[in-house]
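S.K.: Here are the chains, one letter per residue:
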Amino acid sequence: MIRISKFFIFVVALSLLFSCGGTSENTESDGFDDFSVPDSVLADDEPLVVSEQAMEGIISNMSSPVEMASLIKESGAQFNYKYLNSSDNIDSYNTGFEQALNLGIYGADLGYLNMYNKTGTVLSYITSIKTLSDNLKVGQFFDFSTLKRLATNSDNLDSLMYISVSSFDQMDVFLRENNRSDVSALIVTGVWLEGLYLATQVVKETPNKEIAERIGEQKLMMNDLLLILNNFKRNKKFFELIEKINKIKDLFKEVTITYEVGEPEAVEVDGILTIVQNETSIVNITDEQINSIATEVENVRNFIVK
Amino acid sequence: MKKIVIILISLIVFVFVVKSQCNSSLVTICSSGLAKNAMYLKELKVKLKAKEAGKKAPIARYSLMLNKGNHYRISVCNAKEFSGKAIVQLYDKDRLMGSSYMGKKHYPAFDFICKKTAVYKVLISFEGGKSGCAVGILSMID
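Chains as they are written, first to last, in the working numbering: chain A, 1 to 306; chain B, 1 to 142.
If you are wondering where the hints come from, they were derived from the structure by calculation, not from laboratory data. Since the model is a prediction, treat every value here as computed from it, not as a measurement. Don't be surprised by glycine CBs; every beta carbon is placed ideally from N, CA and C. Check the hints yourself; a few may be wrong.
To be verified - In silico lysine to aspartate or glutamate, EDC-like type, Cα no more than 20 Å apart, as pairs:
| id | chain 1 | residue 1 | chain 2 | residue 2 |
| --- | --- | --- | --- | --- |
| 1 | B | Lys121 | A | Glu263 |
| 2 | A | Lys73 | A | Glu205 |
| 3 | B | Lys115 | A | Glu265 |
| 4 | B | Lys85 | B | Glu127 |
| 5 | B | Lys42 | A | Asp158 |
| 6 | B | Lys93 | A | Glu279 |
| 7 | A | Lys73 | B | Asp142 |
| 8 | A | Lys306 | A | Asp88 |
| 9 | B | Lys68 | A | Glu265 |
| 10 | B | Lys42 | A | Glu177 |
| 11 | A | Lys118 | B | Asp142 |
| 12 | B | Lys121 | A | Glu56 |
| 13 | B | Lys36 | A | Asp270 |
| 14 | B | Lys115 | A | Glu213 |
| 15 | B | Lys93 | A | Glu263 |
| 16 | B | Lys56 | B | Glu127 |
| 17 | B | Lys68 | A | Glu279 |
| 18 | B | Lys115 | A | Glu263 |
| 19 | B | Lys68 | A | Glu74 |
| 20 | B | Lys93 | A | Glu265 |
| 21 | B | Lys115 | B | Asp92 |
| 22 | B | Lys42 | B | Asp92 |
| 23 | B | Lys68 | A | Glu260 |
| 24 | B | Lys68 | A | Glu213 |
| 25 | A | Lys244 | A | Glu254 |
| 26 | A | Lys253 | A | Glu296 |
| 27 | B | Lys42 | A | Asp143 |
As the list claims (entries may be wrong) - Stretches of chain A that chain B covers, calculated by requiring three or more beta carbons in the stretch to come under 8 Å of a beta carbon on chain B:
| id | region |
| --- | --- |
| 28 | 61 to 67 |
| 29 | 271 to 279 |
Stated by the list, open to error - Partial list, derived from the structure: chain B residues whose beta carbon lies under 8 Å from chain A:
| id | residue |
| --- | --- |
| 30 | Glu43 |
| 31 | Lys115 |
| 32 | Thr117 |
Let the hints inform the model, and build the full structure from the sequences given.
M.R.: See below:
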């Protein structure tokens with residue numbers, strides 16, 4: 001009896017070990033495949049103009065909304081609620097198109113709120129993001145109980161920022177992996193537009209060279225953004241959005257970016273290897289150009305937030 | 001009999017624990033090690049097989065938009081169950097700007113003081129073409 005028990009345990013243990021090995025091999029071939037929930041595919045199954053791989057590159061190129069919010073805060077501009085899309089507007093967003101765009105808008109607003117440590121208001125924005133992401137069937141990437149807990153204490157800002165940004169990244173990867181790049185493109189557009197809206201509103205009231213330059217640099221991103229949106233231009237709503245963003249693009253035509261070359265230097269600062277870039281970019285943008293861009297950006301944003 | 005059971009259970013637990021780093025938990029571990037003045041921006045996850053004979057060592061490629069005026073940090077964390085140590089390289093087009101491996105020394109992170117807004121390339125490979133699993137965390141320093 002004892003022999004049988006020993007043999008039985010040995011076989012169970014071996015099979016467990018082998019089953020672990022199998023999982024590891026699967027992971028090895030697929031990389032980090034921890035988002036395996038199946039979802040719907042694009043309704044329109046015509047081939048994309050830009051490949052999924054190229055889209056992935058373009059979308060990941062878009063700067064984090066946290067960077068724009070950080071620049072705004074560093075400029076010394078005071079926090080202002082009037083710049084935000086009210087979380088009460090959520091009931092107005094009934095279609096997937098509206099929900100995806102405004103999920104991006106709220107995502108950028110969340111970055112702005114977090115940056116200014118407005119933890120009290122963050123809660124209502126997290127709730128709106130939860131509602132929209134649930135409607136879009138991507139709510140699984142937001143750990144809302146943790147986000148809400150973190151939002152109750154301003155000491156948790158770092159964790160709150162990390163989980164917020166990471167959740168949006170995971171959701172974006174999932175959407176693209178599940179042939180829902182149209183939704184991903186709309187969210188990215190919303191994030192980008194709100195970042196530009198915040199910057200233009202702030203710089204109108206508090207002129208700042210760095211923010212003005214960052215606005216001008218959006219010229220670099222516009223073509224890429226339009227490239228991914230154009231994939232879906234057969235859709236009437238997308239076509240309308242593209243037309244509006246093209247109007248913003250036209251205003252960037254006269255904005256110029258020049259470069260001064262230089263060799264990078266590597267130094268060790270406090271034990272950290274630091275590379276200092278000596279090639280610089282210089283953005284030439286006038287106040288008039290900023291004002292025109294600000295007006296057009298506001299028009300497009302009003303079309304989205306209602 | 002008890003000893004055998006304990007040894008087997010310990011062995012199973014060990015296997016689970018040791019094999020558990022190459023997933024999202026590595027991102028959490030790596031981001032929790034960020035300095036207080038570092039703000040998390042993005043993660044770059046990579047898992048590569050060992051170099052095959054007669055072929056080039058596998059490399060993962062990413063692109064990142066980095067903004068002028070920002071001080072960035074790229075931190076690297078390796079999953080313990082793999083022998084490969086990640087080498088993260090930052091390129092501006094074809095020009096190497098910086099690397100986590102310089103002078104035969106691995107750095108756990110390197111900083112990049114950006115003066116030109118552009119799309120940069122990040123290449124991640126493993127030293128000696130070994131198989132490996134790692135995460136690169138891009139953060140912004142205040």
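S.K.: Quick one: see if chain B covers the region 61 to 67 of chain A, three-plus residues with Cβ-Cβ under 8 Å.
M.R.: holds (count 6)
S.K.: Measure nothing beyond the straight line between the CA atoms of B:Lys42 and B:Asp92; if it is 20 Å or shorter, mark the hint as holding.
M.R.: holds (18 Å)
S.K.: Does the nearest C-beta of chain A fall within a distance shorter than 8 Å of the C-beta of B:Lys115?
M.R.: Holds. Min distance 4 Å.
S.K.: Are 3 or more residues of the region 271 to 279 of chain A near chain B, judged by a Cβ distance of less than 8 Å?
M.R.: Holds: 8 residues of the region 271 to 279 of chain A have a Cβ under 8 Å from chain B.
S.K.: For a C-alpha distance cap of 20 Å, please report whether A:Lys118 and B:Asp142 respect it.
M.R.: holds (19 Å)
S.K.: Would the hint linking B:Lys68 and A:Glu213 be met if the CA-CA limit is 20 Å?
M.R.: The hint holds at about 9 Å.
S.K.: Holds or violated: B:Lys36 with A:Asp270, Cα cutoff 20 Å?
M.R.: At roughly 15 Å apart (the allowed maximum being 20 Å), A:Asp270 and B:Lys36 satisfy the hint.
S.K.: Is the hint on B:Glu43 kept, meaning its closest Cβ partner in chain A is under 8 Å away?
M.R.: Where the cut-off is 8 Å and the nearest Cβ of chain A is about 7 Å from B:Glu43, the hint holds.
S.K.: Take a quick look at whether B:Lys85 and B:Glu127 sit within 20 Å of each other, Cα to Cα.
M.R.: OK: B:Lys85 and B:Glu127 at ~6 Å, within 20 Å.
S.K.: Would you check the hint for B:Lys115 and A:Glu213, treating anything up to 20 Å between C-alpha atoms as holding?
M.R.: With a Cα-Cα distance of about 12 Å, the restraint between B:Lys115 and A:Glu213 holds, given a limit of 20 Å.
S.K.: If you draw a straight line from the CA of B:Lys93 to the CA of A:Glu265, is it 20 Å or shorter?
M.R.: With Cα atoms ~17 Å apart, B:Lys93 and A:Glu265 stay inside 20 Å; holds.
S.K.: Are B:Lys68 and A:Glu265 close enough, with their CA atoms no more than 20 Å apart?
M.R.: This hinted pair holds, its Cα atoms lying about 16 Å apart.
Checked against the numbered hints given earlier, this structure breaks none of them.
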